[in-house]
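One line per chain: the protein sequences are A and B, in this order.
Taking my numbering, the leading residue of the first sequence gets 1, the next gets one more, and so forth.
Taking my numbering, the leading residue of the second sequence gets 1001, the next gets one more, and so forth.
Listed below are the simulated DMTMM-like cross-link pairs for lysine to aspartate or glutamate, each with C-alpha atoms no more than 20 Å apart in a straight line: (1) B:K1035 to B:D1277; (2) A:K239 to B:E1046; (3) A:K152 to A:E5; (4) B:K1306 to A:E48; (5) A:K135 to A:E154; (6) A:K249 to A:D166; (7) A:K239 to A:E13; (8) B:K1330 to B:E1278; (9) B:K1127 to A:E48.
If you're looking for bench data, these hints aren't it; they were derived computationally from the structure.
The chain contents come next:
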Amino acid sequence: MKDEELLNNERREKILSPHPLSFMKFQFLCIFLLIWGIIVGWIVNFSEWQSGFVNNFFFALSFWGIGLLLAGIIASLSTVRWSIFILYLTVFLTGTLIIYWQGIQNSIGIFAPIYTIIASIIGFLLVEWYRRSHKYIITDQRLIFKGGIATKRERSLRYENVVEYDSESGVLGQIFGFGTIIPQTPSGVGMGSDSAMAAGGVALGEKKAKLFGLIGGEKEVQTPRTRTYYELHGVYPFKEVKQLLEKHKQGSAPTTHHKEQVAFQQQQIDIQKQMRALLKMQKEEKEELPTPPIKDKTTSEEE
Amino acid sequence: MEGSPIDIVIFAPLAPILGVLLFWFIQLLFIESQKYLIEKIRPKHEPLCRFTNFLGVLYQSICHALGYTLTKSGISDFYISVNYGRVSPKKEKKGIFEWISNAFLFMGPFFIPAVLIILYLFLLGFKGFETIIPAQVLYLKYTFGGQLTTYGVNLYNFTNNFLNFLVNLNLLHPGHFGFLLLLIFLGLGIRPSHIGEKKVDRVNMIYDLKNIWKLITHKPIYIILLFSVTYLFFYISLLLGQIWYIIFFSFLGWLSIISIVALFITHMILYLIKTTDEIIGRKKYLLYIIIPLSYILARIFFHYIKADFDLSTSLFIMILSTILVLYLSKRKKKEKKTQKFKTKIDIKSLEKIDEGETDER
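Pulled out of the complex, with its shape left as it was, chain A reads as follows (with noise of 0.2 Å):
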């Protein structure tokens, strides 16, 4: 952050960003396919079951495209995110087009582990981009978020605007010391909501139709989330930033003893403004009367 973009009196205190193992659950992804990759090229090659896939183009391609779709659907449903499983067939399509436009079915079992594992090197790359695009400022006046790739997006959140924060880390973050503080305004930003939906199927008789009726649920919770952009996502020290932040924020915010003492000031301001209003009228009523003449204090002394 220049210091240009910084406000008058206004102190940076820290810069931050997200901590390299911080997007793991993006990096997870690449470690699979880095693993699979692995695994497919030693099954296919070095393996007690090599001949198998031997000169048979459709079992060898079976075998990588099932096991990428079969962990896209496990780790989409565990996480309800169909992106995950998109991301891999698009991987597997991906691949199987390469195949066919080169004509490369005998060198599948070479093609295809190392193509896996490029995707994995890919995605490792873009994750790494994605994370270094992110950076959090923290001054002793504000709390400013900046990131994006292609659109550069900017917060900028004063710390009397934040109502809470809400922090986590989890197993990695408390080995490595990151965590991520989601600080929540009075408008609701910083809050998300989890939805689960229950549902089930009954089938209303064969005879008359073959209706499919559906009777559904849905629960909404809402929690604290946001987007990476917009939370200190995986910052490290997590608790040396937190208790940086929470100490800010109880700077900015007044305490009991301090609306005390407003309160007690206001008293005093209208005991004062009262006490005023009295000499005023004190004062008019005295001018109304007849003034008695004053005695010159000169003559009285000659006297």
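Since chain A is already given, all that's left is putting chain B on it; use the hints.
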């Protein structure tokens, strides 16, 4: 069946118990030594230490939860963090059930994680789980000596096969590589009393032993009951002419052996980390590169030039090259250190010059 009745009835069941106790004690010593090493590397490798803590807490909590499950207490709360674990039962059961749950908490981490390795070995097709009765003690198998010999032979056979398997590990085989990782994780986590965020002096081997002693002396009746069940198990095996009793204790012995080997391997790794820390500069990274590089090069070499012991030789080359690079790096560092106060010209030659000068005068 030969042997005196007192020997068979009273002493014979004790033989494998003593064997298990001996190995368990060796395990305790290794754990204590590992804790010492971890404390040494802690300032520079805080995340690694936290990771070992997490593994320790994880194993402890799993064992405790297993204890509650087996005693049908149920689990209402299961919480694990890097420094702390908590398992709460659904129903607070007292008496023997509580005692068993606590026994799982204190004793479980020594044995239960090793069961995972046994299962993994089984999946890898390891052939070392055979239990035999040596021909020499066939007629004395239910005596103290016979039991001890059988236990020893079974343990020897397993250890032999297990070590043979280890020296022939194919690190380019995903299954074998996974096995090594699991073994390392097991070795890092076998700690009944974990090291917390800060060093706590009272948490050591004596602390563990005190805990176990408290468990025993708190309700001696349960220990008597446990011994009675063990003896009963022996008598049933004796009456039916089976070797179930010795098989059971051999299994416990295998678990101890696995744990000791895992602890030994982690010792080597921790020692390597500790020694590498002493090397200044980027040279220390060379050491971490040389480990996989030497192994892969050796494997490529043996792929083209066929040899009988290619797997074990590759491992040997890897270990040897690591030691060599470590030695050379440390030697250079030592030389640098000693050269700090050395003059550019040799002192002896300086003396000669001095003498020459005085002669001239």
